[in-house]
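Order-wise, the sequence lines are chains D and Y.
Going left to right, the first sequence walks through residues 1 to 420 as the working numbering numbers them.
Going left to right, the second sequence walks through residues 1001 to 1164 as the working numbering numbers them.
Simulated from the structure, these hints should not be mistaken for laboratory data.
The beta-carbon is built from N, C-alpha and C at its ideal position, and this holds for glycine as well.
Keep in mind that a hint or two might mislead.
Straight-line Cα separation of at most 30 Å, DSSO-like style, residue types lysine-lysine; simulated pairs [said to hold, decoys possible]:
#1 K36/D with K344/D
#2 K1020/Y with K417/D
#3 K1033/Y with K1053/Y
#4 K151/D with K173/D
#5 K1033/Y with K1102/Y
#6 K264/D with K151/D
#7 K1081/Y with K1053/Y
#8 K277/D with K89/D
#9 K414/D with K1020/Y
#10 K1046/Y with K417/D
#11 K1020/Y with K413/D
#12 K151/D with K277/D
One-sided and incomplete, this derived list gives chain D residues near chain Y with beta-carbon spacing under 8 Å [unchecked claim]:
#13 H359
#14 D360
#15 T363
#16 L364
#17 A371
#18 H376
#19 G387
#20 A390
#21 Q416
#22 V418
#23 F419
Residues on chain Y that point at chain D, a partial pick, calculated with CB under 8 Å [as the list claims (entries may be wrong)]:
#24 Y1010
#25 W1024
#26 C1041
#27 G1042
#28 S1065
#29 A1067
#30 I1068
#31 L1124
#32 R1127
#33 C1130
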Amino acid sequence: MMTAPNTAMNVLRDAGLDVERLRADFPILKLRVNGKPLVFLDSAASSQMPQPVLDRWIRYQTTQHANIHRAVHYLSETATAEYESARRKLQAFINARDESEVVFTSGTTDAINLVAHGYGRRFIGAGDEIVLTTLEHHANIVPWQMVAEEKGARIRVVPVNDRGELAMEEYLKLLGPRTRLVGVTHVSNALGTVNPVREMIAAAHEKGIPVLVDGAQAVPHMNVDVQALDCDFYAFSGHKMFGPTGIGVLYGKAAWLEKMQPFKGGGDMILSVTFEKTVYNTIPFKFEAGTPPIAAAITLGAAVDYLAGIDMAEIQAHDTDILDYATREINRIPGVRIIGTAEKKAGVISFTVDGVHPHDVGTLLNDEGIAVRTGHHCAQPVMQRFGIPATSRASFAFYNTLPEVDALVAGIKKVQKVFG
Amino acid sequence: MQMTDSKQLYQEVILDHNRKPRNWGVLEGATHKAEGHNPLCGDHLKLTLRLDKNSVDAINVEGESCAICKASASMMTTVVKGKTRGDAEQLVQEFRDMATGKLDHEHQPHHLGRLTVFAGVRDLPTRVKCAILPWHTLHAALNAQESTTTEADADPMHTPLGNA
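Isolated chain Y, as found in the complex (with noise of 0.2 Å):
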């Protein structure tokens, strides 16, 4: 595997992201909430938003969770806020598969905007997981799950062809 250097990832918005996380705290009267939980390398995530009229009114995030993880679920709220549902899940299985390699984000049209500084995770299968927690975690909450991970069956890279 060609290893990229991870300082593409490491990029300043990112570590920005990971030492002044946005929206970070738990939403008071949250109408959605879920638990993003990676136990093997200890990733938690607490995610609480209030949808109104089908929209993303306000997004909240906290936990605990590598700089990578934190960026992502930081970048993901200002990013989310205001969107619609479908717009919310259309972002989610975007950065999904940019994450995994699976959306070429410079030449396959998206809605990623900023949030490409992430791209290069792909290159690195093992903080895959890290990136997508928040959005994994996101996904749990629209959809009444109570919690998710990313970590082993249910990390993307995990797979024998490993871009599933």
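Next comes chain D alone, as it looks inside the complex (with noise of 0.2 Å):
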């Protein structure tokens, strides 16, 4: 079908998805560095904002901030109503059921740190234990050390294939009359893996396990629907999501936040306090101990309204676009092997050079503007697993394009002749 020379402009589909607008919106996009146009390739650790989504910060702050929650003036209800408002927006982007099962974090790690703790340390005990895969974030996996070593409980793991995928058998094994909760990342970071969730929480529900999903990359990149999934937590990032850092979420099952003891005590997730006892707020305010990020969350509903202007589906068929591109033009590079060849990917590509260290490879390829995540990506077991230390890794979102990933395998190409 495809005849024309190899350019990236020849495979570059009728897409419904107008980047060039898109990336207009970017302003940090426009940058040069080291003399070279920015491509930037690190969304997966985290992705830039565009100008909407700056701008709300900005109004929130010049003419809306103060404490929410609290006092009755004006500033603080508007403050308080565009709060509540944005974790409204984010109850439809996850379609949760109730907004009451949306808790404003500080990140994934901080969502899934509050599950350990709220969850873990009081459902989980000695003998017990907890499947987690090799896939995962050490997000998701330190935490759960943590309760492990605390509760006596054990950790097991769910193997991957050669091609990085999860060993669905081994899964199905691994879930005993012991297990108390399933961590599964729905994207992985390190590989870009996307995991097959919903049969893995089915499975883990038909012996009435909860499952927690780590979401951090795959908001970016696929409708969630925390319904059709029927996870019982779902945790995710504001900065990977084109929002601001500091924020993030934990969606839970309000049958699980009730039954969960606070992580943080303080301000605002109490109803009274006395020296004798305290009574604790309503979820989910009981997990939201002292002023949070409001700034954030409120950006964060930004970015949430900024996502609600661009067709999922078509940012779905950029992503794959993108990355069957960046795909085949890699592996046209002799000596440049992709770790992680998953059936369903989303968004990441690891790769390593012969003879060449990664961090060579991301220092160089810094020279010629490009941007790539060198080193172990916190997924140390994955780097184990597939025998390496690290890996470079380009990473995407819907405002790349196809000549950025040309000037990538320019930039490796340049790098093997350095190298040469």
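Mind docking these for me? Both chains are given alone in their own frames, and the hints should help you get the complex.
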């Protein structure tokens, strides 16, 4: 079908996504780095913010800011209304049944720690088991190790095959009478593998086991419907979905959140306090002690609005185009190996260059204005599984283009030439 | 942070030592040895040396690492061979100072000679630990320390001021 010379423009699908118009919304993408146009391929670590989202932050701070849930004055009531409005936007974004099931946290890590503390410490005991997968980010490993160590519980790990896909038959075998929780990432940050979380949740639920899904890498790439997934917990971060850092969400089924103990004590999470007894607030406020990052939460709401203006199906089609194109082009470079070749992937290509350490790759690509992540991606078990200390990782968002992939490919070839 | 074009760092001499590291392997009859390991990035060196009458009679390194670390290790072995223990330790300090920007190699006295090809690393704060790992490993070996690292708290660029 494609007989024309292989350039990026020739394979640009006639997609509905107007990438150039969207790129214009992101001021940072106009930067030049080392004299070259910035090619930002590190959105899996943190994505960039579009102007309407940046503007929301400024508008909040300049016209609406005061502390929330406290005073009766105009600004406090405005800030409270906007903060709670942001919560409802997030509720709609993941299709939670009720806004009380949306807990604002500082990010995915904070959200998982909340579950480890609030659920783990209450419901996991000696001899119990926590099932995690090889693909987990350290944020979904370490909190559980802390619970396991404290309670005398055991962590069981679902292995992956050579393509970076979970071994489902092994997973099913690991679900036992002592399993108290399954923790699984929706999309692997290191390899891009999209895990079959819906099937995994169904299988766990057959045995009455709750499931926590780490959705940090999924929300920028696909529609997430927590009711359709039927997950018990879903954690994600604002700054990986075109919002600010310092804000994230823990979705939890109300039935679980009601039973869980608070993670942090303080103001706003109580109904009444005496030195004899404190009555905790209702959910979600029970989990939001102290003054939250109000501006960040409201700005994350604006990111949801921004995303609502783009058809997620078009984002996914664009995602697939970029990933397919980059996979094909990188595979064409002799001496370059893609780590993670799962059937279903989103947003990430990890690769190694023969004879060149990833840090040398990253430093030399930076000379070309290309930003990739190098290292173990906070997923050392994945690296160990593939017998490598580190990879270079290019990750994509809807604002990336096929010519940027060409720049990456040219950059990799240049690295090889330097090391010739 | 002003980023230097790293091609100033990836010079032919460094690339050459990366391709053909000198004194590579394990030394038979070593009197001193140490391992340098930066687990976060995967750099891992084994250093063996023989001290004879307080001089470095022979020194070998082997391991897996990035080009900056490997070339630094290779050039280090060629430079410290034949040096007294005291001179070797002085080079460790000077190399570290140059890499962290504390020593202005163009205007201050030093004994680094062609090791100044690594000066550009001071503009790449995340790579300083790569360049100095071999030197820290040498220091460890000379001081009967079994292993060392230049990551995390041991990374000189990791301090609040970035130049400690």
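Hint check: K277/D vs K89/D, CA-CA at most 30 Å. Holds or violated?
violated, 35 Å
Assess, step by step, whether the Cα of K1046/Y is no farther than 30 Å from the Cα of K417/D, and give holds or violated.
holds, 29 Å
Between the alpha carbons of K1081/Y and K1053/Y, is the straight-line distance 30 Å or under?
Holds, at about 13 Å.
K1020/Y and K417/D were given as a pair; does the straight-line alpha-carbon distance stay at or below 30 Å?
holds, 16 Å
Starting from K151/D, check that the Cα of K277/D is at most 30 Å away, please.
Distance ~27 Å between K151/D and K277/D Cα, so the pair holds.
Tell me if H359/D is really an interface residue toward chain Y, meaning its C-beta lies closer than 8 Å to one of theirs.
With a closest approach of 5 Å, the H359/D hint holds.
Hint check: 8 Å Cβ-Cβ cutoff, S1065/Y to chain D
holds, 7 Å
L364/D as chain Y interface residue, shortest Cβ-Cβ below 8 Å:
holds, 6 Å
Are G387/D and chain Y close enough, Cβ to Cβ, to be under 8 Å, as the hint says?
violated, 11 Å
Given hint K344/D paired with K36/D - CA-CA distance at most 30 Å:
violated, 33 Å
Tell me if the interface restraint on V418/D is satisfied: Cβ within less than 8 Å of some Cβ in chain Y.
Check passed: Cβ of V418/D comes within 6 Å of chain Y, closer than 8 Å.
Min Cβ distance, L1124/Y to chain D: is it shorter than 8 Å?
Holds, about 6 Å.
Violated hints, in rising order: 1, 8, 17, 19, 21, 25; the structure is consistent with all others.
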